[in-house]
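Asker: Chains as they are written, first to last, in the numbering used here: chain G, 1 to 112; chain U, 1001 to 1113.
It is worth saying that the hints were derived from the structure and are not from the lab.
A virtual CB, placed ideally from N, CA and C, is assigned to each residue, including glycine.
A portion of the hints provided could be inaccurate.
Said to hold, decoys possible - Residues from chain U that face chain G, not an exhaustive set, calculated with beta carbons under 8 angstroms:
1) 1043
2) 1045
3) 1066
4) 1067
5) 1075
6) 1088
7) 1102
8) 1106
9) 1109
To be verified - With a straight-line cut-off of 20 angstroms between C-alpha atoms, the simulated SDA-like cross-links for lysine to any residue are:
10) G:68 <-> U:1022
11) G:42 <-> U:1022
12) G:42 <-> U:1005
13) U:1065 <-> U:1086
14) G:42 <-> U:1007
15) G:42 <-> U:1006
16) G:68 <-> G:87
17) G:42 <-> U:1011
Residue-level listing of the chains:
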Amino acid sequence: KQEVTQIPAALSVPEGENLVLNCSFTDSAIYNLQWFRQDPGKGLTSLLLIQSSQREQTSGRLNASLDKSSGRSTLYIAASQPGDSATYLCAVFSGSARQLTFGSGTQLTVLP
Amino acid sequence: SAVISQKPSRDICQRGTSLTIQCQVDSQVTMMFWYRQQPGQSLTLIATANQGSEATYESGFVIDKFPISRPNLTFSTLTVSNMSPEDSSIYLCSVEFGVAGQYFGAGTRLSVL
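Generate coordinates for the entire structure from the input sequences, incorporating the hints supplied.
Answerer: Next comes the structure, spelled out in structure tokens:
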């Protein structure tokens, strides 16, 4: 059974800092990995999708990497802004049942 | 990507009643999913809904409690039946676009008194 772990659970940084969020998964036989953003009480916004054959994806100030063999992914946020404050969720799509398994999230606070 | 509309966005319900949540997609999709997010927790898959077949429920979720309809390729409903305060959660629908990943509706925030 796929298990996804995110570290840290919470992170608080001053505006302008670069930061890294970590995600690890137990079964490396994945189809893809997605990073999502969730604002309080809201739905999920897809940030980046990395296929199993890819090593990284970039969108603006965001860069996500994938090391499938070691079961790890990182989300790098450059020059953080208060508007980046949210919970970031990592999810892997895997298994014969083709299911998305979520980590517990990292709650990010960027202080002005 | 797709536009996924979910209704209602939030509701406050009395114990013992039922609520039906609607999910509408602006394009045809084979697989739709329903998730629950309990307060302070991550997302848990309730069931997978394919058009033309019975929904497939995950361990811990049963059809009598969470009946699902999937009448066509753009629409699905989830009913939360005989509600109790433990059902207070955010309920989300999502759709899969193969290699393009999954996309989510804005969620329904349910509070049961």
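Asker: Look at each hint and say if it fits the structure.
Answerer: Here is how each hint holds up against the structure:
1. The closest approach between the C-beta of residue 1043 of chain U and any C-beta of chain G is roughly 5 angstroms, which is under the 8 angstroms cut-off, so the hint is satisfied.
2. The criterion of a C-beta within 8 angstroms of any C-beta in chain G is met by residue 1045 of chain U, whose closest approach is roughly 6 angstroms, and the hint holds.
3. At its closest, the beta carbon of residue 1066 of chain U sits 17 angstroms from a beta carbon of chain G; the interface hint therefore is violated under the 8 angstroms criterion.
4. Taking 8 angstroms as the C-beta cut-off, the interface hint given for residue 1067 of chain U is violated, the closest approach to chain G being about 21 angstroms.
5. Annotation: interface hint on residue 1075 of chain U violated; nearest CB of chain G at approximately 18 angstroms, more than 8 angstroms.
6. Violation of the interface hint for residue 1088 of chain U is found here, the shortest Cβ-Cβ separation to chain G being roughly 12 angstroms, above the 8 angstroms cut-off.
7. The criterion of a C-beta within 8 angstroms of any C-beta in chain G is met by residue 1102 of chain U, whose closest approach is roughly 6 angstroms, and the hint holds.
8. The restraint placing residue 1106 of chain U at the interface with chain G holds, with a minimum CB-CB distance near 4 angstroms, inside the 8 angstroms limit.
9. With a least beta-carbon distance of about 6 angstroms to chain G, the hint placing residue 1109 of chain U at the interface is held under the 8 angstroms criterion.
10. Of the pairs offered as hints, the one joining residue 68 of chain G and residue 1022 of chain U is violated, with about 36 angstroms between alpha carbons and a cut-off of 20 angstroms exceeded.
11. Distance restraint check for residue 42 of chain G and residue 1022 of chain U: the Cα-Cα separation of roughly 16 angstroms lies within the 20 angstroms cut-off, and the hinted pair is therefore satisfied.
12. Taken as a hint, the residue 42 of chain G and residue 1005 of chain U pair is honoured in the structure, with Cα atoms around 13 angstroms apart against an allowance of 20 angstroms.
13. In summary, the hint linking residue 1065 of chain U to residue 1086 of chain U is supported, as the alpha carbons are separated by about 13 angstroms, within the 20 angstroms threshold.
14. Taking the CA atoms of residue 42 of chain G and residue 1007 of chain U, the gap is near 13 angstroms; set against the 20 angstroms cutoff, the hint holds.
15. Proposed proximity of residue 42 of chain G and residue 1006 of chain U is supported: the alpha carbons are some 12 angstroms apart, at most 20 angstroms.
16. Among the hinted pairs, residue 68 of chain G with residue 87 of chain G is inconsistent with the structure: their alpha-carbon atoms are about 23 angstroms apart, more than 20 angstroms.
17. Restraint check: the Cα-Cα separation between residue 42 of chain G and residue 1011 of chain U comes to about 14 angstroms, which is no more than 20 angstroms; the hinted pair holds.
Hint violations for this structure: numbers 3, 4, 5, 6, 10, 16, all remaining hints satisfied.
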